[in-house]
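Novice: Here are the chains, one letter per residue:
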Amino acid sequence: MKSVNIIINHLDVTVPSDSTILDAATAQNIHIPTLCHLNGYGHSTSCMICVVHDINSDRLIPSCSAVVTEGLEIATDSEKVRAARKDTLDFLLSEHIGDCEAPCFRTCPARMNIPLMIRQIKDRQFEDAIITVKKSIALPAVLGRICSAPCEKGCHRKSYDDSVSICSLKRYVADVDLSHDRPFLPVVGAKSGKKVAILGAGPTGLSAAYYLAQYGHMCHIYDQNPLPGGMLRYGVSEDILPRPVLDAEIERIADLGVEFFMERSLGKDLQWDELKSGYEAVVVAVGIFNPELFDNIGISLTGKGMAVDRKTFETDIPGVFAGGNAVSESRMAIRASAHGKLLAESVHQFLSDGTVTGPTRRFNSLLGKVNEKDTAELIKEAEGHKRITYKRGFEKGYSEEEAVLESSRCFGCDCRKPNSCKLRQYAQDYDSNQRRFSFTQRKNLSRVVQHELVIYEPGKCIKCGLCVQITKRSGEHLGLTFVGRGFDVHVQTPFGQPLSEGLKKVAAECIISCPTAALSWRDRTKE
Amino acid sequence: MQLEKGSIHSFIDRIVNEIGSKNGAVIHLLHAIQKEYNYLPKLALQRVCEITDITPAAITGVSTFYSQFRHTPVGQHIIRVCTGTACHVKGSGLVVDAFRRELKIVGEGDTDPESLFTLQKIACLGCCTIAPVVQIDDMTYGHVQTDGVSNIINDFLLNHGKGIRTSSRQKSRSDNGGEIKIGLGSCCVASGSRRVQQALEESLIETGIEARIKRVGCVGMCHRTPLLEVSVPGEEPVLYDSVQPEDVKNIVLRHYKPKTLRQRIKNAAFHLIENILENPESNGFTRHPLHVRDTDIQAFLGRQQHITTEFSGEIDPLDLKEYRLKGGFKALDRCLSEFSQEEIVNKIKASGLRGRGGAGFPTGQKWDFARQSKDEKKFIICNGDEGDPGAFMDRMILESYPFRVIEGMIIAAYAVGAHEGYFYIRAEYPLAVQRVRAALKMCREDGLLGIDILEKGFSLELKIMEGAGAFVCGEETALIASIEGKRGNPSFRPPYPVQKGLWGHSTLVNNCETLATVPWIISRGSEAFSKLGTAQSKGTKVFSLAGKIARGGLIEVPMGITIREIVEDIGGGIENNREFKAVQIGGPSGGCIPAELAHTRVDYEDLTKVGAMMGSGGLLVMDDSDCMVDIARYFMEFICSQSCGKCTFCRIGTKHMLQILTDICAGKGKEEDLLKLEEIALKTKQGSLCGLGKTAPNPVLTTLMYFREEYEAHLKGQCPAKRCEALFCYSIDESCIGCTICAQKCPVGAIQALPYQRHIIDQKECTKCGTCQQVCQTDSVKKI
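In order, the protein sequence lines correspond to chains A and B. Note that our numbering numbers the first sequence so that position 256 is 256, with each residue one more than the last. Note that our numbering numbers the second sequence so that position 756 is 1283, with each residue one more than the last.
In case anyone wonders, no lab produced these hints; they're calculated from the structure. Backbone N, C-alpha and C fix where the C-beta goes; we use that ideal spot for every residue, glycine too. Mixed in with the good hints there might be a few duds.
[Said to hold, decoys possible] Beyond 12 Å from chain A on every Cβ pair, some chain B residues (computed): (1) Asp682; (2) Gln725; (3) Ser1018; (4) Arg1178; (5) His1183; (6) Leu1209; (7) Ala1280.
[Stated by the list, open to error] List of simulated lysine-lysine pairs, DSBU-like, C-alpha gap at most 30 Å: (8) A:Lys2 with B:Lys1108; (9) B:Lys904 with A:Lys2; (10) B:Lys569 with A:Lys443; (11) B:Lys904 with B:Lys1108.
Build the full structure now, drawing on both the sequences and the hints.
Specialist: Now the structure itself:
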């Protein structure tokens, strides 16, 4: 085998003369992103994400197709290359019809994976559902009664009839859990040996403690009131929030080893120096506070409350974090609770290696508003009946049957490949902006649900043609083919036959190779 | 119509037997099926898959890629409205609307309620000089106006199916009476030259006059077709243009005396009505008065230099004997007997000939790569997939000089060592296909093709591959995919076709104009060719000159000539005394050059410098009534419909550009749109895989560069050229005499008839079809 000498990212390498630039880079453990490329199949050079900079000709060339030549000099990750890849992604996403995460999930301040919870209810997997809920919400039975449910406002089902009763479903899951002899307790990480002081036993402080404890940190909550709960206990009527429910959920937090120090008030029976010296980190989660007091400590204030980094909740003082009504006033209990969860992550980062970046926000493709044609597609995977109301009254909430019935109304608009989609991953890596190039009118959403195992969403297809190649090689009788050309080109079964006729043998291979969720498993647990 | 399974199966079985059952046969089979059924019945396609190697996926993919193929039944007749560039600037969009109204086609449909006519828009029929052009089945109508569509439909219904009767005259008549030449290029045919030919034959029989009728190829003066030239021995030949069948007898009698006395008396009376012919009544389509040979024809031909189009208008396209008498195939003979392959390549190199398809790659160098390829099997392809709307050079060359192209192709094949080859010709050019097919047959019979050509030991087989409606197939890798029976998707180069092309073998792809130039270079020498032109661009270039020009047509000019010389000297300036605004050169890959830059030379590098491109040679002239934003939008719409859809930038970028341009033309543009448009244009140029995408932004970028103020005016709600429908309206001024014709002709009843009063247009009803302006006798309808 002949070989040639090339330079990749200033590195001299010798590679076989028939290798593509992508092969050569891969052999050096240099990663080049690809979408339409699949080892063992012909290159179609369609997506253009794999471009690299040919320094001698000053051109960008697709590395999956370009073969190495003697003296070639390549940059695989220069600014120019990254910009071109971002262009590719921005273009691809401009015609991408779908939400990575469902709007409910995105709009939930606590970032709860709502669609997953709903599916678990539908499958009557209530023990799994409570895990999903408590991953993001420390007090779900409480919030299930008082939450203003911003998640329901974004629900696409609203464009069809009414949003799914997410809040009631969450309450159902939490109530069922609390009714057990041994309600759910999360697994707690190994003890870190670090101590965190939390000022305030309201929703923010309780949540922060719940998640910090799971990271293995020791949490001490200080509060001026005799009992924990803050506004939940002292600001919400018992008709709406029966105290046994609140107590039960707080008890779960105490079960994690969180210690409560009640009737302790900062500046009176609790001194700041005491906290600074006794704890590695401090969380300020007080609902009502005296600004002067914190000003003296050295935490800068804004008109609304304490000044914090919006992403990390960190104040001017390293190691001191603040959230909830301490940073700005709001009546939304879910927001307060969410702050607690989110800042726990920052505190944990601070206690781990000191670099505080806050919770990671993943890239999210947005479907935007849905019209009648879109909902006609979405309803294919949901039941058409109206929203289920509590038949047994507010006090009791949903029955199991009601909850299951309500859960079946969910469109399931979240992506089936939120983690394995390469498009989403690269969009994250290259900081893509879906709205940079936008169409006044997008194509309608389309979901082919005919195949027993496969869901096909043409609006997520990037026209890489891998499935067309795979079905062709496998000898599928009908297989898949491109139909039409230009912007309207799409993949379809020949002669308009059903998808099940086109994908008889290699559905799995096609799904796995599909770089997006254009082809995905009907069964979401396979993701 | 219910199609019977049994009859479909036996039809398919028969054509598969004739055409073949390999993958490469798929496009041929689809053409055959469509010819039989007028569309592609699913049963037929399924049968093909049952009995051939062609898979359902392949046949579906291919049949939906090419725009010629239809999957649903159509009306009895097909109306094709050309939407090429020349037709567009002359209002083809309004013609489409007029047909829809006339045929009562509503909504998304394309067929009238009685399924008599199906209306289609077609990329370009290549009859740009008689724009706007409409073709109904095989009858072509030029200069169509919106108020003429019902006349056209009536004319078609009256005349279709009558065909052109073949002459009962014997061919071998004495030549004593001289000859009458009749142009039979597509423009001529579209303008009715076949009917003129028929009338001529009839007149000669009737009068007993002995003169030879000679068919010649394109004369280039397409703006004056049909053309007839009478050469009586001892007299100066006289050329008649815009000849109609009813004019023919008159012309004949001007030059010849009938043989019998009875005929003489009859014809004396005939002369009396001559005047009537010179005052034709407008039927909404072509009826030109007669012109005799005049000075502007001299001006039209004066600056031209015919190399590729040598003997233009003199030789019969399909008279092999004549071609050989005039020196044809001598170059081939010399190549086969005197020169080594390397010598031939060096001659082409020395001539400086560059690819005439658009990109201008040095031809000799390409040949050398192919020659040096070690591949034991090599192919040659003549690229006749001229797709640029507004360009018709390749069509004319293939129609008028098929032997010259074949000769060039054999020389090229010999020089590189290829023994098999293809003509890839656009399906929209049936006459070209027909002529090349006939020419190939004659060459085979004459020992110029096949085994042991001219007994010099070299063998070559040439076949024809008809395209099926895909602009992108002009790109060489897409063209090769198409011959292989695949979707016309381009692929990444290298490997270049000369390294690895058709079926994996070394393949030389040359444009047909390039090949037609080769025999001249061999005969006259490289130096004779390289003497012409500029430092980087040698020889001559054929252009199709169309648009708002007084004398449009096919021209061949030396490289280095300026745009102004072409427009003013050859083209006779702008028609209708309007103002010269710009030329669009190079079609969708080219750019718009403003009149201020008309001193730009026709040269590959000079044109690229101003943002345009030589392209294949479409040269469209525009006047002050043409909107440059609309032109940019027009080309982008074309590109969007022609992009193969494979690579991200071309598929999506062009769509974004089209959306922005459409918004701007509709008066919905936003301030930031121009920057966004420029950004997307540059990204698409940089990121696209093939030449189509890489050059598609050129019309946008050049209009943004030279006519930015026009874009800005649109953002403010004004179209300075009053072309963009949303941004102007029609109004009748005080000069209206109240003749009521506009009210009578208005197709939507937006004008109430008010005899002797000034008429008013109801803007709410008005569809801006422009009929009122066309019919107004007092020029009182104005765009405001």
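Novice: Next, verify each hint and record whether it holds.
Specialist: Outcome of the hint check:
1. With a minimum CB-CB distance of about 35 Å to chain A, Asp682 (chain B) clears the 12 Å threshold, and the non-interface call stands.
2. With a minimum CB-CB distance of about 41 Å to chain A, Gln725 (chain B) clears the 12 Å threshold, and the non-interface call stands.
3. The beta carbon of Ser1018 (chain B) sits about 7 Å from the closest Cβ of chain A, which is not more than 12 Å, so the claim that it is off the interface is violated.
4. Look at Arg1178 (chain B): its CB is around 6 Å from the nearest CB on chain A, not clear of 12 Å, so calling it non-interface is violated.
5. The claim that His1183 (chain B) is not at the interface with chain A is violated, since a C-beta of that chain comes within 12 Å of its own (minimum 5 Å).
6. A beta-carbon of chain A is positioned within 12 Å of the beta-carbon of Leu1209 (chain B); the least distance is around 10 Å.
7. No beta-carbon of chain A is positioned within 12 Å of the beta-carbon of Ala1280 (chain B); the least distance is around 41 Å.
8. At roughly 58 Å between alpha-carbon atoms, Lys2 (chain A) and Lys1108 (chain B) are farther apart than 30 Å, so this suggested pair is violated.
9. For a cut-off of 30 Å, the pair hint linking Lys904 (chain B) to Lys2 (chain A) stands: about 24 Å separates their Cα positions.
10. Note on Lys569 (chain B) and Lys443 (chain A): the hinted pairing holds, with a Cα-Cα distance of about 27 Å set against a maximum of 30 Å.
11. With a CA separation close to 51 Å, the supplied pair Lys904 (chain B) and Lys1108 (chain B) exceeds the 30 Å bound.
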